[in-house]
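Engineer: Since the structure of chain P is provided, determine the placement of chain W on it from the hints.
Just so you know, the protein sequences line up as chains P and W, in that order. Heads up, the first sequence is in our numbering, so the first residue is 1 and it goes up one at a time. Heads up, the second sequence is in our numbering, so the first residue is 426 and it goes up one at a time.
Among the hints, erroneous ones may be present.
[Unchecked claim] Subject to a maximum C-alpha distance of 30 Å in a straight line, what follows is the list of computed BS3-like cross-link-like pairs (lysine-lysine):
#1 W:K527 - W:K569
#2 W:K442 - P:K221
#3 P:K144 - W:K526
#4 W:K504 - W:K574
#5 W:K732 - P:K200
#6 W:K716 - W:K587
#7 W:K701 - W:K716
#8 W:K587 - P:K393
#9 P:K178 - W:K434
#10 P:K102 - W:K512
#11 W:K512 - P:K424
#12 W:K574 - P:K102
#13 W:K818 - P:K291
#14 P:K9 - W:K716
#15 P:K46 - W:K435
I should point out that these hints are in silico values taken from the structure, not numbers from a laboratory.
2 protein chains.
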Amino acid sequence: MNLYLYPEKKDWESILKRPTQSLEDLEATVNQIFLDVQRNGDIALKKYTSMFDGVNLESLLVSQSEFDEAESRVSEALKKAIQAAKKNIESFHKSQVQGSKKIETVSGVSCWSETRAIERIGLYIPGGTAPLFSTVLMLAAPAKIAGCKQISLFSPPNKQGKIANEILYAAKLCGVDKVYKLGGIQAIAAMTFGTESIEKVYKIFGPGNQFVTAAKQVATKYGVAIDMPAGPSEVLVVADATSNPAFVAADLLSQAEHGVDSQVVLLSKEETVIEKVQSKIETQLAVLPRKEIAQQALNNSVFVVLKEDTAILEMINLYAPEHLILATETPDFFVQNVQNAGSVFIGNYAPESVGDYASGTNHTLPTSGFARAFSGVNLSSFTKRITFQEISKQGLENIAETVMLMAEAEGLQAHKNAVAIRLKS
Amino acid sequence: MNLYLYPEKKDWESILKRPTQSLEDLEATVNQIFLDVQRNGDIALKKYTSMFDGVNLESLLVSQSEFDEAESRVSEALKKAIQAAKKNIESFHKSQVQGSKKIETVSGVSCWSETRAIERIGLYIPGGTAPLFSTVLMLAAPAKIAGCKQISLFSPPNKQGKIANEILYAAKLCGVDKVYKLGGIQAIAAMTFGTESIEKVYKIFGPGNQFVTAAKQVATKYGVAIDMPAGPSEVLVVADATSNPAFVAADLLSQAEHGVDSQVVLLSKEETVIEKVQSKIETQLAVLPRKEIAQQALNNSVFVVLKEDTAILEMINLYAPEHLILATETPDFFVQNVQNAGSVFIGNYAPESVGDYASGTNHTLPTSGFARAFSGVNLSSFTKRITFQEISKQGLENIAETVMLMAEAEGLQAHKNAVAIRLKS
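The shape of chain P in the complex, shown without the other chains (with noise of 0.2 Å):
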C-alpha cells in the first residue's frame, strides 16, 4: 500500500498513474488469427479451440439438451436469485427508453430522432474458474429490451467442452438467441468476419482478457462496433469520520479480489481513518480464499490525505474511476461535481458489489480512465439514433436562402442546385 500525505498537485497524475498497457505486443497474434479465421471459417475456430481450450468440438452451438441439463444444475435459491437481478436490471434499463420529439427548426421544416436497435450483437462472456454470469444479466437483458434481433454470445469451454451452467441459465433466461462454445481472439474474429456456421454481427460486447481486449480493438478496424475499450477493473472509495473502517476496508477488498491488476484507491481528509481502514484490511484480508490475488493488487493500491473537499473532489475527476464509493456523511457536494466515474455508490450501505451483482446499475464500466470520455453500457449502447427530416415547399423556401448562401461558399454547387431547381419548379 502507499500513503501520500497532502501531495502537490504536481505529483498526482504520477501518484494516480495506472499500469499501461500495451495492445502492440499482442496485434502481431491477433492478426494471425483473424487471417486464419476470415480465410478458414469454422475449420479455423475448431484448431484454435482444440489449442487453446484443450477440447476438440464437433460443434460450437450449444444445444438444446445442454441447456436442459445446465438448467436442471443450478439450485432454485441461485436461480431466483438471477431472476431477481434480471428484473432489477430491467427496470432500471427500461427507465432509459428516450423518446422522439418532433421540432420544427424552421417553419415547414421539421426534425426528429427515432431509436433503432442494433440487430445484430455479440456477447462475450470469459470462462476461466470463476463462471461471470451477472455479466449475462449485465448485456442480454438491455439488449432484449432494445429489441437487438440476434443476441450471440460467446463464451469459451472448458476442457469437458461446456460451459458453465449458470452461464447458459442466465443466457437462456434472458433470451440469448445462440450461445457459441468459444472464446478467446478466435470468437472476436468469428463475431467480426462470420464462418459457415456464425453470423457475424454489428457490435460486440463484453469483458475479457487482454487477448479479447486487443482482438476487440482489431475488429473495429474491420467496421464492427464495440462497447468500449477494456482495462483492469478499480474503485476509488471516499472516507470521512463518519465511515465505518471495516465496511470500507470490505469494499477495497472486493475490489482487490478481482485480480492481481485491479486498483484501489481511498482518499480521506483524516490520516486516522486512513489508518483504521488498513487495519481492517488485515484482519479481513486474512481469512479471503483469493487472498493472494488480492494482496498483490493491494500491493499497487494508493492511499492519499489531502485537506479539502475541493482536493477530493478535484482528484476524483483526474483519476475519472470505474467505481466511485462515497461513505461519507455529506455525499451530495460530489454526487453534484463529479465529471468523471463510470458508476456512483452513495452512503455507508452501498457496496460496490450491490451494483456489480444486483441494483439495477450496469456492472459493464469504463475502466482506466476512460470515464473521462465514455459511459457505462446503458440502453442506448444497444441501438442507434435516425434523425429524420420532413420538408414542406414552403418549408424550402424558407430556409433555401440560408443553404444556397452557404453550399456556394463552401463550393459545392451541385448542393446549391438541388435547392435551386426546387424553388424554380
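Structural biologist: What follows is chain W alone, placed relative to chain P:
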C-alpha cells in the same frame, strides 16, 4: 452508372459493395508521426506542418487579430446564413437533452443516471480548396450546448499560414476556445498526447482524409475516444412515379460532387423513373464546376429496379446508407421500418443539402454501413452518463440475499463479505 433489374437477393451484397479501404498501409506512417509528436512535441508539429502544408509557423495558435481579420472578410449575407444555420442546429440539438429519472428498483435502493459533458474535446476541420465551415457549426454548436469546457479546433493552414475566414468566423461564433493551425496526422497526434502548446483531449470529432481517418483509429489505442469511423460520403434515394426526376438527379449529383469515391444509389420500382433521372443527370452534370469529380463518382453509382416496397426496404437496411432520401408518394412505410440509416429526408422538397447545412440535424453521419451500429453525431456524443445508486440500510437488507448468493456462485467471497459485514453491524 450500373443498372440492375430485379436482381436476385444472393447478389445484393456484391451489387451494394463499397470500395474497401485499407488502414494497414497507412498505419506505419501514422505510428511514425505519432511517436515523433509524443517525443518531440511542438518541434515535431512544426516540422510536419512545414513538410506537408508547405509553411513555417512561429505559432500554431490562431491569434485574436487573425480572428478579427477573418470576421471582417466574411460577407454580411454569409454571416447571416451561418447564424441562421447555427440557430436551427442549436434548436434541434437542445431538443435532445436527456433528463434524469430516479427509480427504486427495490425498496430502499434508488438508481439514476446523470449527464456530464466531456470536458476537453478536439474538433478536426479539413482544409483544402473548399472551407468546410458548416462542419464547425455541426460540431461546436452541440459541444457548447452539452457544456464541454475546453473546445479546441484543428485545421491545416494554407501556404500563407492561414485558415479560411469562414472557418475562423464560425469557430468564434460557436465559442470554440482555441483554434490551431495544424492538420493531418500531426493534428490527431497532438490531440492524443498533448504538447507544450496544446492540451490533450478526451475525444476527437470531425471528418478528414484517409490519413486523418487512420490516425483517429490509432488514437483510440491510446485511450482517446473518437466520434465514429469514417468513409466516403453516400446517398441512397428511393424514387417513384410521383418523384420529380430533375430533383432526384440534383440530389444524386450533390452527393457525387463530394469526391470521386462518393457513393450514389437509386432504387425504384419503375424502370422509366430511372431512365428519366439518368437523362436529367446528363443535362445537369454538363454545367457543374466539379463535373469531373461527379462523373467519376457516378461511374460507380448503382441503380436498381425492384418489384416491391418490401424489397426496397430490405435493400435500404442491407446497405445502411448515410443519407436516405424518400422521394415517394408514401414514405411512411419506409420511415416506420427503416432500421439502418444515418439521416432520412422525406418528400420531394427535402434535398440532402438542407440537412448538410441548415435544417438542424447533424451532418456528421455514419458512412460505409456503420449506420448498422452507429448514430450520427448528436448531443449525447459530447457527453457521457454516470449511474448512481443510493442505498439505505433497509435497502441493503432487501437486496442482500440476491447479491450474496450470486457473489458466492461467482467465487468472489470478498464481494459477499462487503454485504455480510454491513448486515452484521
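Engineer: Next step is simple, just say for each hint if it's right about the structure.
Structural biologist: Quick rundown of the hints versus the structure:
Distance restraint check for K527 (chain W) and K569 (chain W): the Cα-Cα separation of roughly 26 Å lies within the 30 Å cut-off, and the hinted pair is therefore satisfied. A threshold of 30 Å between alpha carbons decides the hint, and for K442 (chain W) with K221 (chain P) the separation of about 17 Å falls inside it, so the pair holds. Note on K144 (chain P) and K526 (chain W): the hinted pairing holds, with a Cα-Cα distance of about 21 Å set against a maximum of 30 Å. As the CA atoms of K504 (chain W) and K574 (chain W) are separated by approximately 25 Å, the hinted pair is consistent with the 30 Å bound.
A C-alpha spacing of about 28 Å is found between K732 (chain W) and K200 (chain P), which places the hinted pair at or below 30 Å, so the restraint holds. Straight-line distance between C-alpha atoms of K716 (chain W) and K587 (chain W) comes to about 28 Å, which keeps the hinted pair within the 30 Å bound. Restraint check for K701 (chain W) and K716 (chain W): satisfied, since their Cα atoms lie roughly 20 Å apart, inside the 30 Å limit. A hinted pair counts as satisfied when its Cα atoms are at most 30 Å apart, and K587 (chain W) with K393 (chain P) does not qualify at roughly 40 Å.
Restraint check for K178 (chain P) and K434 (chain W): satisfied, since their Cα atoms lie roughly 25 Å apart, inside the 30 Å limit. Among the hinted pairs, K102 (chain P) with K512 (chain W) is consistent with the structure: their alpha-carbon atoms are about 16 Å apart, no more than 30 Å. Between K512 (chain W) and K424 (chain P) the CA atoms are separated by roughly 26 Å; this keeps the pair inside 30 Å, and the hint holds. Proximity of K574 (chain W) to K102 (chain P) is assessed by CA-CA distance (about 29 Å); at most 30 Å being required, the pair is judged to hold.
For the suggested pair K818 (chain W) and K291 (chain P), the alpha carbons sit about 28 Å apart, so the restraint of at most 30 Å is met. Taking the CA atoms of K9 (chain P) and K716 (chain W), the gap is near 58 Å; set against the 30 Å cutoff, the hint is violated. Proposed proximity of K46 (chain P) and K435 (chain W) is supported: the alpha carbons are some 28 Å apart, at most 30 Å.
Going down the numbered hints, you'll see the structure goes against 8 and 14, while the others check out.
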